[in-house]
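Asker: Next come the chains, spelled out residue by residue.
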Amino acid sequence: MLFKLSIKNMKKSIKDYAIYFFTLILGVSIFYIFNSMETQTVFLEVTSSTREIIKMMISMLSGVSVFVSLILGFLIIYANRFLMKRRKKEFAIYMTLGMSKRKISQILFIETLLIGSVSLVVGLILGIGLSQLMSVLVANLFEADLSKFTFIFSWKAMIKTIIYFGVMYLLVMIFNTISVGRCKLIDLLQAHKKVERIKLKNPIFCTILFFVSTVCLGYCYYQVTKNAMSLNVHDIGKLMLLGSVSTFILFWSLSGILLKIFMSLKRLYYKNLNMFVLRQLASKVNTTVFSMTVISLMLFLTICILSSALSLKNSMTANLKELAPIDFQASKQKNLQNHEDKYGFQFTEEEIADSNISITETLEKLNIPKNYFQDDVITHYYSVQQLNYETTLGSKKEIIEKDFPVIRWDYQEILMTISDYNKLAKLLHQPTYQLQEDEYIVIADFEQMTNIRNLVLKEKPDLTLNGKTYHAKYDHCVDGFTEISSNHMNTGIYLVPDQAVNESMEIEEFFSANYRGQTKEEKYKIENLIQEPTDHGYEEGITTLSAVSKISIYEASVGLGAMVTFIGIYLGIIFLISSAAILALKELSESSDNKDRYMVLRKIGTDEKMIQHALFLQIACFFLLPLIVAIIHSIFGIQFANIILATFGTEQLLPSIIMTAIFLVFIYGGYFIITYFCSKNIIKEK
Amino acid sequence: METILKIEQIEKYYGNKGNLTKAIDNISFDVEKKEFVAIMGASGSGKTTLLNCISTIDRVTSGHIYMNGNDITKLKGNALNRFRREELGFIFQDFNLLNTLTAYENIALALTIQGKKQKEIDQKVLAIAKKLNIVDILKKYPYQMSGGQKQRVASARAMITNPMLVLADEPTGALDSKSARMLLENFEYLNKELHATILMVTHDAFTASYASRVIFIKDGKIFHELQRGELSRKEFFDKIIDIVTLLGGDLNHVI
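The listed protein sequences derive, respectively, from chains C and E.
Mapping the first sequence onto the numbering used here, position 261 (from 1) lands on 261, and the numbers just tick up by one.
Mapping the second sequence onto the numbering used here, position 147 (from 1) lands on 833, and the numbers just tick up by one.
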């Protein structure tokens with residue numbers, strides 16, 4: 001009997017449930033797709049370093065999934081509460097008929113079970129279907145061959161999805177039982193009779209608040225763009241809080257002002273149903289300022305996450321040509337006996353002995369013969385005890401510490417001879433420099449560090465080495481690098497005349513070269529031959545060689561880019577559907593509350609077209625308002641993300657913004673259209 | 687006298703073959719211009735159905751309703767809506783004011799949906815508000831008004847378009863006796879001074895006594911018709927009460 005009732009209830013209210021159901025299915029399928037990534041990547045033919053990154057990505061995705069399930073759980077409970085509210089009268093009828101609260105809870109239990117299981121099944125089927133498409137995208141992002149199509153199905157992801165959503169539905173059931181238990185019959189019966197009070201806010205007060213909030217937001221915008229470099233984590237936290245509060249105040253004051261403004265535009269206000277639409281909006285904005293704020297902020301996050309994630313992926317690989325112009329670079333620590341007390345740990349006799357062997361010899365010992373390479377260059381790093389950040393940057397300690405409180409003052413500066421550098425620079429296609437006997441240059445390309453160094457270098461401070469004084473050739477850092485990598489990471493190297501250093505000061509030796517081969521295949525062959533010994537050299541206690549290759553850097557950044565993209569898309573979509581679903585549900589429940597108002601409009605003879613137009617305007621405004629605020633926020637948010645992620649280089653913003661817009665239009669726009677049609681159905685005459 | 691509304695043998699059936707309810711069973715009558723007609727009957731007698739058919743909210747099963755010579759049972763879609771907003775004025779038992787709008791805006795709404803200009807709207811609203819004595823509540827919201835005030839605002843909304851016919855469905859149903867009297871006096875004023883034609887449905891003899899003619903309906907048929915003529919309201923009221931007793935309501939069934 002109860003089961004029958006539940007089924008009938010669902011059939012009857014299918015229109016109300018449509019959005020809820022749609023959201024659940026989307027949630028389930030997205031959850032499945034991203035958790036089945038492991039299976040999707042198994043079939044890809046990739047090198048072992050890419051495989052490592054994929055492993056890392058999968059573990060990160062499963063971490064993010066916990067967060068995502070929290071958001072979805074919140075969304076489901078929130079949505080369910082909405083639907084429960086709508087059914088107060090129904091419950092009241094059951095109760096007046098003498099049905100016990102336990103029975104009502106049972107009905108709800110069965111309903112949740114039905115909706116849950118149906119949405120799980122449909123969502124999983126959809127997810128399995130879409131994950132086939134996704135695997136193409138995966139292969140594309142990791143630049144792997146996907147010559148043969150394989151059907152992908154992940155038991156693990158499916159079970160995980162079922163468990164996570166099972167728990168969410170269980171929570172919903174518990175919440176339902178509690179809220180039914182709390183119901184009072186009289187409240188249920190009179191729920192629809194509640195008189196709404198319309199409080200018009202004081203327009204002067206609203207205007208003042210509006211200006212206060214815009215000034216606050218303007219301040220935040222200024223801070224995160226023009227002043228971004230000097231912000232630390234605490235400042236950012238404060239700005240985010242200020243921004244959120246200002247957004248809330250903005251919506252609050254807008255709801256008061258906008259109506260006033262339109263009311264004064266009498267010709268517009270008293271045209272067709274404009275008056276009605278505006279009043280509808282105003283009455284709702286009054287009660288929904290908070291959720292508007294939350295939705296707007298969520299949309300803001302979505303836009304920023306999506307666009308930066310997508311652009312990061314593009315730019316990570318864009319830097320490579322410039323920053324990794326050669327195939328191979330190996331380095332080895334030298335003179336370990338000098339380092340002992342500095343780092344506070346002991347090296348074994350063997351390790352010290354090994355550190356005095358030259359890098360070419362080490363390579364041979366590792367079975368990496370010289371004929372693998374061409375254009376090889378040997379260079380050295382030097383350092384002296386007393387030359388650290390304290391001595392070189394200490395004069396501006398206060399300013400630097402204010403902006404970079406985590407700086408390590410005992411970090412030793414690195415020295416390089418000018419002839420070594422010029423040798424390497426030629427190989428790396430970098431400009432070369434000339435030095436007088438008593439001159440030095442600082443090269444760096446890590447932007448934040450360059451800024452710090454330039455503060456000091458502006459005064460052209462002298463450098464003292466072994467009792468001899470050197471003058472700065474330039475009053476700023478020179479752009480350049482010595483180690484191949486995927487992004488600008490050189491925090492600063494002092495170039496000094498050759499005679500300024502001696503062998504005992506040497507700390508590291510570098511071997512830079514190209515593979516002896518022209519085609520991609522030849523290079524890959526050498527790469528594979530080298531990879532094994534360089535990867536495991538240290539573990540076997542042979543030597544302390546560390547090596548990077550252009551190919552491994554490339555794969556790592558492609559992989560990293562793909563990882564960021566996936567996590568960005570995952571979070572972005574979840575945020576987007578959550579905010580759109582909340583808006584849609586809110587709007588739908590309002591529509592059914594407003595049914596009577598539309599009835600009145602019809603009774604006094606309003607054209608159906610005019611009514612539909614009014615409804616459309618109303619819903620469109622409701623969806624657009626938070627989006628517009630979010631977009632304005634994002635204009636500055638993206639710029640900030642751009643500055644923060646500058647080390648990765650985020651040059652190609654436009655395509656990623658277009659992609660983000662496409663996501664927004666499809667998902668947000670989709671929800672909007674569904675909401676409009678459902679609302680139209682609700683307010684239709686029986 | 688000019689006939690505004692002509693109802694010809696209308697019938698309205700509910701249900702299906704097995705279980706047929708005749709809500710209106712062959713009713714015909716005319717309403718003249720400037721008349722104030724009350725339709726009386728117990729609940730379930732079919733008087734609200736009759737009103738709904740005239741107001742085109744419901745459709746008749748058979749018969750014709752002519753408004754100024756046009757058959758309104760033939761109207762469809764937007765023509766129906768136009769007819770409603772241009773020729774009819776509505777007053778409902780539960781006021782049907784929009785609670786998000788002020789009194790002024792509620793009244794203005796009837797004109798904005800006709801696409802009238804703002805200046806014209808403003809003049810007309812103020813004029814009708816003066817006549818119905820609601821100028822000082824124009825800025826108020828429905829929840830800030832008494833029942834009587836709400837119904838006067840609703841009357842203003844019904845009248846502002848200068849409708850050919852004002853339809854009132856139990857207008858005093860939700861009012862206390864003092865507000866009811868005030869409203870009915872307003873109706874009288876609308877009828878006498880503004881020459882509005884009013885068709886009112888009620889089950890209350892006192893309310894009906896303000897009309898110039900009362901039509902009694904029982905079980906979907908016209909049972910009786912009273913003309914006020916030169917009678918005072920008190921005398922008319924007594925006559926109505928006589929018929930109501932004759933109609934007997936429940937007494938009939940006791941015997």
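Keep in mind the hints are simulated off the structure, nothing from the lab.
Careful, some of the hints might be misleading.
[Stated by the list, open to error] Result set (EDC-like, lysine to aspartate or glutamate): computed pairs, CA atoms no more than 20 Å apart in a straight line:
(1) E:K760 - C:E608
(2) C:K458 - C:E398
(3) C:K609 - E:D780
(4) C:K271 - E:E879
(5) E:K802 - C:E398
(6) E:K805 - E:D780
(7) E:K907 - E:D716
(8) E:K803 - C:D607
(9) E:K760 - C:D375
(10) C:K684 - E:D744
(11) C:K603 - E:E773
(12) C:K266 - E:D744
(13) E:K719 - E:E806
(14) C:K271 - E:E871
(15) C:K603 - E:D716
(16) C:K595 - E:D780
(17) C:K525 - C:E350
[Unchecked claim] If you anchor each label on the Cβ, the simulated ranges turn out as follows:
(18) C:M599 - E:D905: 38 to 46 Å
(19) C:Q190 - E:F909: 32 to 40 Å
(20) E:Q695 - C:M599: 55 to 63 Å
(21) E:N764 - C:Q132: 30 to 38 Å
(22) E:E772 - C:K684: 20 to 28 Å
(23) E:E772 - C:Q132: 58 to 66 Å
(24) C:K4 - E:D924: 39 to 47 Å
[Said to hold, decoys possible] Quick look at which bits of chain C chain E covers, simulated, 3 or more residues with Cβ under 8 Å:
(25) 266-275
(26) 361-369
Ideal placement from N, C-alpha and C gives every residue a C-beta, glycine not left out.
Asker: Would you mind marking each hint as holding or not holding in the structure?
Answerer: Here is how each hint holds up against the structure:
Annotation: proposed proximity of K760 (chain E) to E608 (chain C) holds, straight-line Cα distance about 18 Å (limit 20 Å). Annotation: proposed proximity of K458 (chain C) to E398 (chain C) holds, straight-line Cα distance about 16 Å (limit 20 Å). For the hint linking K609 (chain C) to D780 (chain E), the alpha-carbon distance of about 26 Å lies beyond 20 Å, and the restraint is violated. Our distance criterion of 20 Å between C-alpha atoms is broken by K271 (chain C) and E879 (chain E), whose separation comes to about 31 Å.
Our distance criterion of 20 Å between C-alpha atoms is broken by K802 (chain E) and E398 (chain C), whose separation comes to about 71 Å. Taking the CA atoms of K805 (chain E) and D780 (chain E), the gap is about 30 Å. The hint is violated against a cut of 20 Å. With a C-alpha separation of about 15 Å, the suggested pairing of K907 (chain E) with D716 (chain E) holds against the 20 Å cut-off. Pair hint K803 (chain E) plus D607 (chain C) holds up; C-alpha atoms about 18 Å apart against a cutoff of 20 Å.
Between K760 (chain E) and D375 (chain C), the direct Cα distance comes to roughly 96 Å. Violation of the 20 Å bound is thereby established for this hinted pair. For the suggested pair K684 (chain C) and D744 (chain E), the alpha carbons sit about 15 Å apart, so the restraint of at most 20 Å is met. For the proposed pair K603 (chain C) and E773 (chain E), the alpha carbon gap of about 13 Å is at most 20 Å, so the pair holds. This hinted pair does not check out: K266 (chain C) and D744 (chain E) have alpha carbons roughly 36 Å apart, beyond 20 Å.
In summary, the hint linking K719 (chain E) to E806 (chain E) is not supported, as the alpha carbons are separated by about 26 Å, beyond the 20 Å threshold. Straight-line distance between C-alpha atoms of K271 (chain C) and E871 (chain E) comes to about 33 Å, which puts the hinted pair past the 20 Å bound. Of the pairs offered as hints, the one joining K603 (chain C) and D716 (chain E) is violated, with about 23 Å between alpha carbons and a cut-off of 20 Å exceeded. Taken as a hint, the K595 (chain C) and D780 (chain E) pair is honoured in the structure, with Cα atoms around 15 Å apart against an allowance of 20 Å.
A hinted pair counts as satisfied when its Cα atoms are at most 20 Å apart, and K525 (chain C) with E350 (chain C) does not qualify at roughly 32 Å. Look at M599 (chain C) against D905 (chain E): about 29 Å separates their beta carbons, and that is not inside 38 to 46 Å. A C-beta distance of roughly 38 Å is found between Q190 (chain C) and F909 (chain E), which places it inside the suggested range of 32 to 40 Å. The hint said 55 to 63 Å for the Cβ distance between Q695 (chain E) and M599 (chain C), and at roughly 30 Å that hint is violated.
As the Cβ distance of N764 (chain E) to Q132 (chain C) is approximately 49 Å, the hint placing it in 30 to 38 Å is violated. For E772 (chain E) and K684 (chain C), the hinted distance range of 20 to 28 Å is satisfied, since their beta carbons lie about 24 Å from each other. At about 60 Å, the CB distance of E772 (chain E) to Q132 (chain C) agrees with the hint of 58 to 66 Å. A hinted range of 39 to 47 Å is violated for the C-beta pair K4 (chain C) and D924 (chain E), which are about 57 Å apart.
Residues of the segment 266-275 of chain C with a Cβ under 8 Å from some Cβ of chain E number 9, which satisfies the need for three, so the listed coverage holds. Under a criterion of three residues with beta carbons nearer than 8 Å to beta carbons of chain E, the stated coverage of the segment 361-369 of chain C fails, only 0 such residues being counted.
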